[in-house]
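Letter by letter, the chains look like this.
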Amino acid sequence: MQTTASNPAASTLQIAFSLNGQAIDIAVDPRERLLDTLRYRLNLPGTKEGCGEGECGACTVTIDDLPANSCLVPTFQVRGCSVRTIESVPKAELGPMLAAGATQCGACTPGVVMTAHWIKQHSQVLESQTLRALMAGNLCRCTGYDGIIDGVRRWIGGPQ
Amino acid sequence: MQRLEGLSKLTGAERYLDDEPLEGPLKGCLWGMTVRSPVSRGKITRITYGAGFDWSQFVVVEPSDIPGPNETYLIENDQPVLAPGYVRHMHEAVVLIAHQDRNLLRRAVASVRVDVAPEPPALDFRLTPRPDQIQRGSDNLLKKLQIRKGNIERGFAQAHKIVEGEYETGAQEHVYIEPNAMSAWIEDGPTGDVVVVRGSMQCPYYVLNALKHALKRDESRVRVIQSPTGGGFGGKEDYPSTIALHCALLTLKARRPVKIVYDRSEDMAATTKRHPSLVRHRTAVDQNGKMLAQHIEVILDGGAYVTLSPVVLSRGIIHAAGPYTCENVLIEGKAVLTNSVPYGAFRGFGAPQTIFAVERHMDRIAAALNLDPLQVRRVNLLKDGDTTSTQQVIKGGTDRHALLDQTLHIANYDAHKREAEKFNRTHPYLRRGVGVATVLHGAGFTGNGEVYLNSKVDVAGRPDGSLEVLAASTEMGQGTNTVFTKIAADAAGYDIADVFVGTPDTFRVPNSGPTVASRTVMVVGKLVERAIDELARQVGQNGSPLRGPALKSAIQAWHRANPESELKGRATYQPPPDVKFDDKNYIGDAYATFAWGVCVAAVEVDLRTAAVRVLDFVAAQDIGKVINPVLATGQVQGGVVQAIGWALTEEMKFKDGGMHNNTLTNYIIPTSDDVPSIRVHFHENPYPHGGGGAKGVGELPMDGPAPAILNAVAHATGADPRAIPLTPERLLPLLR
Ligand code: FES
Ligand code: FES
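Chains as they are written, first to last, in numbering that gives the first Met the number 0: chain G, 0 to 159; chain F, 0 to 735.
Hints were generated in silico from the structure; no laboratory data involved.
Every residue gets a Cβ at the ideal spot worked out from N, C-alpha and C, and that includes glycine.
No false leads were slipped in.
To list a few chain G residues with every Cβ distance to chain F over 10 Å, as calculated:
1. S10
2. A22
3. I25
4. G79
5. C80
6. H121
7. G156
Restraint ranges, calculated between C-beta atoms of paired labels, are given here:
8. K579(F) with K90(G): 48 to 56 Å
9. K90(G) with R546(F): 34 to 42 Å
10. P29(G) with E186(F): 40 to 48 Å
11. S127(G) with A414(F): 28 to 36 Å
12. K583(F) with G94(G): 48 to 56 Å
13. T47(F) with G20(G): 45 to 53 Å
14. P73(G) with G547(F): 58 to 66 Å
15. G547(F) with A91(G): 29 to 37 Å
Covered stretches of chain G, as calculated for chain F (at least 3 residues, CB under 8 Å):
16. 39-49
17. 88-102
18. 107-119
19. 127-138
20. 141-153
Bound-form chain F, shown alone (with noise of 0.2 Å):
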């Protein structure tokens, strides 16, 4: 089945928000703007407006506007809306304006002066801050954790070898095409005045859930509307309800339409990045490369606010000890303070921080015992039966070993490693290598998670017998439109021709928690199927379920004996049995599942000018039944061409705190020309408990690729590289 709205993209007539007329609700619109904090940490101690504007014809929203707490609502609720006299990191929202004239507005904006008495920021989130920088507790901490297995000293004690490492990885922007967008206006509603919030997001109940905060309304008086969206990849996860609050605020005092979008300079500087890492390793290992202890230390850049930090680490700690099984592991982790833009959700969600660290030091156990790294992994990859760091026992008859044989067969591997070894011989100045990483993705929400959101979908059975899947899962590009409607036609015996997929719209659809966690297909997508299964029994006789044309009929009848009325099965989330986890011990089933991958790369170094090229990579993934091959594939290597760029290329640059490099121009992501081919294959082994029999697929193509392209420049160079991204800055001192 092809993308359902493929072609619209294509001929350009798709409407994203800032396409769209400023007609209907958005008649006589006008447009906001932010004022922002130009340093890091400091009390707000003047903000003048520009001379040569008449403020009174714009409309102004300062802090006390807010009809709730200044809070944006999540997991702490510690992140103003608006910076309440207070700055914490560069290029925080001050103040908000509002006028119909974009290019005049634009001007008032650059007239706003912020004067700040600067305070000493918290920079580097690696050092332990001065007592001056402490603004969180007594020493910065956001958040830590802690896994805890068998014992370390132990295994310590029994040790041949130990080997150490310290691993670093950068902030990335998330540079999804579309720049944040967002649109609010006023409705009348029976209870009152509602305020109307459509934009660019993918989880339309954060939002919403925001807007309740900080407006002070119940959801009778809040709509949100997904628009289009043109990429999101975690940056329009939690950002967008910062962006629909300040629209709705501008809405609410000009009682007119507001509409926000940035430009990418904007975008790049003050919304979240993928939280930067330093992660250590000491391990433990007899003389095969088994594993016999794990010491992990991860310390994550958690930004100036607790945002999503929390979970964050909490995935990152999970898959920090990678897809192998060890008595004795003791994982550390935290997130800390800094005074700089918040560190927020970016595919992957902290899990390719942590791999790309254990990745690599499995090759480097390797070399310190003189090993090959398939052997390292070999020896201590997962079985069905054995357990991980929180003691989940491993099921459901995935060989590991069997696709990492399978993956090196496609990839050529040996065939690359000899001719590699052997140009090296020759050639004067390129070297090349070849890298592998072998990787683990839990698949949903991490332990009670999927519980605690109790997600729900509706399917509505229409007059005509068609049927209208209502979720509050939102199509960014990964293709939630198109497989929805396959999975419920599926279901339902249906041709696709007669399945809708309604737009999030929270005042339509249920709350199937946040678009993210490469849950959509597998959790939400299975509430699909059984909503249907609802819908199917409520007009069956004997509450046996129909399917096709029977149940169209009977859906068409229904309508006939119920005029005017709804019809609409409901599914509710309910977990795979046996699945526990202790969320405070973490010990248990930290996931109901996990996607699995091998990555290979082979790479190209030029001694000369320390620059790396991609010359192959071979990405299988085990991601249970694929339900659309064109879809799925392209999920991969769009990841892997991501993690490409995270790996080589993609770095942010500060400057007192904040981004410096906020531009195409100087950050520089992958172009068609910088990488390869991506070979993906698919090894299908359907999860009984997923959609259509899937698990999730968009974040598991970020776990490998950085650790495999970075292993084998190790292995092309002899050199050592631990921090990423391998810039050729970076790289050239290590090529001695």
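If we strip away everything but chain G, and leave its shape as in the complex, we get (with noise of 0.2 Å):
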């Protein structure tokens, strides 16, 4: 459930962040939710909502390189943060998820990219955890997940 700006109650906060590398300057609401002021404010659509509550994942964004879901982050706590989104995903390394099929209907995608290109970057994780494991905060209803698990293993250049 979203809670932006508009009771008159509510007063502003100013905060400065990174945003997938530019300076961004905005007043805030103390309760709008990151993935309203990135959607609905800064224009960046490409994160989803899909459920509001933290579980499916649709909302992930990176905040200071550790992915979070973006429905449950107040924006005023990104202060000073650097937050990445999809948009900053550079469109030809995907190549592979769409030849392992990792995208259907497209409503999870964004956040599982940004998943996935996250674990990419920090491939050492795959070493205690499994690639299933470390993708269960995504949910698809779709893919059935071996899309996804196949398309994220071939983008990173792990074993087939």
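Hints in hand, dock the two standalone chains.
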């Protein structure tokens, strides 16, 4: 459930953070969700809302290089942080995901790609955890996960 | 060929309805929301709009604002658009409210109080209703259907043994990851204003018919356009008609554009679900497990309104006897009214419920006779020339016995079985087992449904020689656009770069029927091929169709000779020859063809927690010709995992008749870590009357996993589970 500005009682906070490498300076309601700031105020609707309660992972972004559900993060908390969204992932890298059938309806996909991209950049996490466990925070109702897991594996360049 | 829109989905560039800026036709858009019933049944005595809001600043729609009948056009039109002073289920729509400020609107909607004088709801479809719960006819029946073949009494008289069983399945929520979303605005048209509705949907013409009916407009004054749709699974088959009507009513009253986007909890509480079912089997068998008579009773919970229940029941009973032949069959089906949310279309459409029952029952027959469950299947499995319960003669050349053997081989069935039995002798608390299900799925609409639909497809030849497929079939992740492009390119001898698939828009595309029932590639795909043929004939000499570059230049030449004109080839559905169904008596060819499948599941049960884990899963499918292996494999894997959820964890909890666990926190769908890799095997046998030789693929994968998994649990533990979801709570008491 979204709670953005417009309750007259709420006061706003001025914050600065980095978004996909660009400096952002914005006034936010303390209850405003990062997901809504991105989607409705900063014109980055690639990040999706699937549940609004931290379960589905469709809203995954990274904050200071850690994946986070942006539906659970009040925007003011990213003050001074570096936030990255799906819009920062280079399109040219996504061929292996496409070829493996990692996307069907696409609603979960930006979140899936964000988690996958993070795993790719921190592949040491695969030493202690399986890809299936690492991807378990991104619900997909279409693919049955094989397309996603295969795609990430091909993208990372790990064993097929 | 790769998914056409795949990269824009992977980069987040695909724009679903809620992603679009409020510009263009949505400039000045209001947000719409719905006030819903707080109880399951009763008369609305009072609606109180909360204090502290300037209600003159809100647009409020009540039933009196509906220009035409307060009915959602479908089979019986018994579902109101807005509750007409009386509610029949929790969360039923009562009043619509719109405002430009989404947050203010949320608070305003929450402030509205609906008082209802409650009446006794009927909440358990398995019980005979009390007189004060009767709301339809004398017994709350929504629909009753029967299939009769031979004489079951004769079969029971010869029985070596009679095996009985009762099987139950629960409601299932679709959980498409994009919740329902719809927008509406008003445009000028030649014959007056036009209500335009654009949104997430499977069936634009269902929405169009609903708008025409309740808004009292003809099709020149309502227009329906599909927006990119983030999953459907049947959940966006009929329900979008309701949201489209709500959006259109608000827009008509406000004379401004309106958008309604459900959040997850509203979507889960208010929209349709898979029908819960109770199926009873009574089967006469001989010593070898050959079935001599099948008496099957199918009861579906229909929910508060008729909606699609009669056709779900129809498909359910036709699949109830499984892929087997038996001389004497009686199948009695009922769909029952209850005061819960109307149950609707969900992948498989009644068949997964009845196949669950028959496939679990086959294993129980085997247990009763002390036979191998595979033997009981083999002696009953349909061979070409055998007849189904509707006396349809099976043909098509698929060897179901070979498919079964091949699947067992791929699945390492024997090894799994041996190893499991060895493992179980030594492990203190884990038990392993393996289970099989053999399944069928009728492709396309049931009986004469396709004839009544009379679907059409246009293919336009454009001035540059390229082709545009104009069909009402929607892309919702299953790959319609990619597959249509490929089918059209193959039929025309074109490069795929010269083929386009138009957005479903009722002002541009003819009615190709709904995007349901695994019919899109098989039925509509065939129409695409025939429409191209027709187009090629129009521009060819002496009526002979052109192909490839010759077709392309002929189209260009046609346009030079006929500037500003439209060139289109059209095809209309024609049933394959010799397909006949008597829909009164349920005798004959229930489907033009069937897809066939075998599933093998290996599971591990933890006796301490009663948790079930699927260790290995093989799904072998005969879906005719496979047009796109990556997409078809993805359909099967996705369907299997959805079915694993239905079998093990997805439990809809009710409170006072409403969905109580309407969040993804406690309605549990599988994650990547809950399921194994799903191994898919296609057995290709091209179907001559299907687009590109294909039969349907969408639904078959949903049919087999639940019984295969429960059969495996029975094998692992010796328990006899007969109800799903088989949650630990349900399994624990069965583990002695
Ligand atoms: S929308 Fe944030 S986790 Fe689902
Ligand atoms: S692709 Fe549809 S939810 Fe993942």
